[in-house]
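Visitor: Residues per chain, in single letters:
There are 2 protein chains.
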Amino acid sequence: MPTSEIICVGTELLLGDVIDTNSACVGKMLSSLGVDIFYKSTVGDNPDRIKKVVDHALKRSDIVIICGGLGPTEDDITKQVVSEVLKKKLVVDRDVVQKIKEKFINRVVANKTILKQAMIPTSAKIIPNPIGTAPGIILEDKGKIVILLPGVPEELRAMIPQVEDYLLKTIKPRVVIKSRVLRVLGMGESDVNNKISSFMAGENPTVALLAKKGEVHIRITAKFPPEKVDSEIFKTEKAIRDKIGSYIFGVDDETLEQVVGKLLIQKNLTISLAESCSGGLVSHRLTNVSGISKCYLCGIVSYSNQAKAELLGVPEELIREKGAVSPEVAREMARGVRKITGTDISLGITGIAGPTGGTKEKPVGLVYIALSTQEGEICRRYVFSGDRESIKWKASQTALDLLRRHLLSIDS
Amino acid sequence: MPTSEIICVGTELLLGDVIDTNSACVGKMLSSLGVDIFYKSTVGDNPDRIKKVVDHALKRSDIVIICGGLGPTEDDITKQVVSEVLKKKLVVDRDVVQKIKEKFINRVVANKTILKQAMIPTSAKIIPNPIGTAPGIILEDKGKIVILLPGVPEELRAMIPQVEDYLLKTIKPRVVIKSRVLRVLGMGESDVNNKISSFMAGENPTVALLAKKGEVHIRITAKFPPEKVDSEIFKTEKAIRDKIGSYIFGVDDETLEQVVGKLLIQKNLTISLAESCSGGLVSHRLTNVSGISKCYLCGIVSYSNQAKAELLGVPEELIREKGAVSPEVAREMARGVRKITGTDISLGITGIAGPTGGTKEKPVGLVYIALSTQEGEICRRYVFSGDRESIKWKASQTALDLLRRHLLSIDS
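In the order they appear, the protein sequences are chains A and B. Just so you know, the first sequence maps onto residues 73 to 484 in the working numbering. Just so you know, the second sequence maps onto residues 73 to 484 in the working numbering.
Hints listed in this document are in silico derivations from the structure and should not be mistaken for laboratory results. Any given hint might turn out to be false.
If chains are identical, the list can't say which one is meant, so a pair holds when it fits in one copy or spans any two.
[Claimed, not checked] Straight-line distance between alpha carbons at most 20 Å, and here's what the computed EDC-like set of lysine to aspartate or glutamate pairs gives:
1) Lys216 / Glu433
2) Lys216 / Asp302
3) Lys285 / Asp89
4) Lys124 / Asp134
5) Lys131 / Asp120
6) Lys197 / Asp237
7) Lys171 / Glu275
8) Lys300 / Asp147
9) Lys411 / Glu382
Since the structure is predicted, the reported quantities are computational estimates derived from the model, not experimental observations.
Using the sequences plus the hints, can you model the full thing?
Guide: Take a look at the structure:
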């Protein structure tokens, strides 16, 4: 199989003014075809440096996809430089002129602008641009393939299927690559690593770990003939699930609140929340789920002790004796909000989000989370690291995960 | 001035599974110091290819910043490869071991994991990692500077100021580029454009507009010697403020909740919230502000009508007659929560976040926001566009801005 690399052109990408999403889009397409991507480079709008990067890429890769620099302005020079490198002449393509004129039918545009975008290297194939005016360009030269795409993300995205079609026909991949992400909660990166290290030595599928905000992602990537790839991923997924199944809350883009929301809706259960240190974040996340209003009835963010006492009915002497951050108060908060709202389940969350307010006995990051049902309460103690927002986030992750585990434990 | 380039390490970046934001963060810092960035490369977790990319970078650039691959797992190999390229030995750093152990004080972690992260090339400077466990590393070698940073975006971001400090002292730039962002709420992009178009033609400082989630950013960028750059930016800022002052709620990374939180703390006023369609987002945002617990006492997310009636005392017949999404109910929600909690100010927010639940009279995006004080209530009507999360966000922006304008209007 051929190897490939991606080049992005644009000074704004180097300066950090624009986040590059184009190369991820191209990368996904290439890897799905089983084409190895070994490098990605970004270079500014400078002819010498673009030339060097393109030269270097053509030496080490079979397919080079270049994004950006096809527009009508002075600093759009990708076509000129690539034509020079490949020793092709740029000539005006009449069909392209016609298409651009049709797009500009309601606007006055300088002829120069149109002609610049219609300059195409000789012997190139054209990829029509369904959104903008700059067409994509495919060049085949001495066994190498060079593909130029516009830098505007919507335009590039719209042209990816045409590039994929071309590559499918041209390189006829025997194998494709697919990835699946298993999302893990309640286990650190190195613990996951230790549990599944045997899979991480595998070569196909490969298994990689990624630490994410309050969770760990296990990415299974398999490279097989199209008809075999799904079952190979499934085999590895099953083996990993056998080791740490209950810690996996979702796959790919699925969020924890979506998983929990779906379970609540499926099981037709109602929930209320009493939040203190998480400050409404659990409510916010659950209410991002469309359709949750059948299940989520009410949340009370009892930030002050008075609110804990008056609204949730936590005994004032309990707060005085044990402190607002204590398992006893977490339990009372959960029980209180469940009684007031009459829901099936409730959560109570109290802790110290920091950066101030910690003591030796009760450090910043200490959080108690209680889950209450008619059968009573359970309460867990956690110490989270990080800044205020990160502690709030981890508290919300852990609270939602406690709820998830509870929902999974009851028969529907 | 030295030239620089950025290298990102991680197969997930090539495959497009992760969007790279680290290089933008590093790029911004480098360009602010007037350091030219000519290239950016991405390479997978493969020792040979990482070595080639690092070798190539050291040939063409003076400063090379490498992001990613410092973690504890098998595929984290950046330190090993860079040490090899620069012919340094990796040795365990006792101080780093100690710091990692302190971070893991409440967890059992394999010794191997700790030792791997504590391996530091000889003669390296260490950049402490305020969030995670992998320290950053600075290497100076034959006039070149190589800096290794972790790939976890929050950790990298937290370490950027230390890298900037080091580079400022080491390379001593003659001109620096600085930007300042003025954040605008309550005015659309083209209205801002019309009001300040005269500044947008300037060459130094330059003024640019950027539409952001629920706000507009005005970016002033100036390139001057370090001692002059601030006053030049200030002159332009003052002229813009003379035109649209009250619409500017903050600068740079200052969030609306920080601005509002500061005002509440300064004026020593208490606040409570009654949220429906915003689902706890306003509570969540306000409680991101450290020290807010003096002012923010309680929030009630009254998602169900029952919660609105029983907890906030909104008359049931009012909900039946006017509907839960009505100015009358918004006012009653605000008044109710203020009475219950005894705060100086309160907000009531009710609306339709969608995607379902809209009607012709009350479309998705319709939101009423009421502000209540002892003097009575004001209530405003809005229709926001976008998906569920975007409508929630805009409701929270607008509610916090209403609060900000109220706080500015009262004498402290």
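Visitor: For each hint, tell me whether it holds in the structure or not.
Guide: Here's how the hints hold up against the structure:
In this homomeric assembly, Lys216 and Glu433 never come within 20 Å of each other (Cα to Cα): the closest approach is 66 Å inside a single copy and 48 Å across copies. In this homomeric assembly, Lys216 and Asp302 never come within 20 Å of each other (Cα to Cα): the closest approach is 30 Å inside a single copy and 47 Å across copies. Taking the closest pair of Cα atoms, Lys285 and Asp89 come within 20 Å of each other only across two copies (16 Å); inside a single copy the shortest separation is 24 Å, beyond that limit. For the homomeric pair Lys124 and Asp134, the shortest alpha-carbon distances inside one copy (16 Å) and between copies (18 Å) are both at most 20 Å.
Proximity of Lys131 to Asp120 under the C-alpha cut-off of 20 Å is found in both arrangements, the shortest distances being 17 Å within a copy and 16 Å between copies. In this assembly of identical chains, Lys197 and Asp237 lie within 20 Å of each other by CA distance solely inside one copy; the values are 13 Å within and 50 Å between copies. For the identical chains of this complex, Lys171 and Glu275 are neighbours neither inside a copy (48 Å) nor across copies (35 Å), given an alpha-carbon limit of 20 Å. Taking the shortest Cα distances, Lys300 and Asp147 never come within 20 Å of each other, neither inside one copy (46 Å) nor across copies (26 Å).
For a Cα distance limit of 20 Å, the shortest separation of Lys411 from Glu382 qualifies both inside one copy, at 14 Å, and across copies, at 12 Å.
Hint compliance for this structure: hints 1, 2, 7, 8 are broken, all remaining hints hold.
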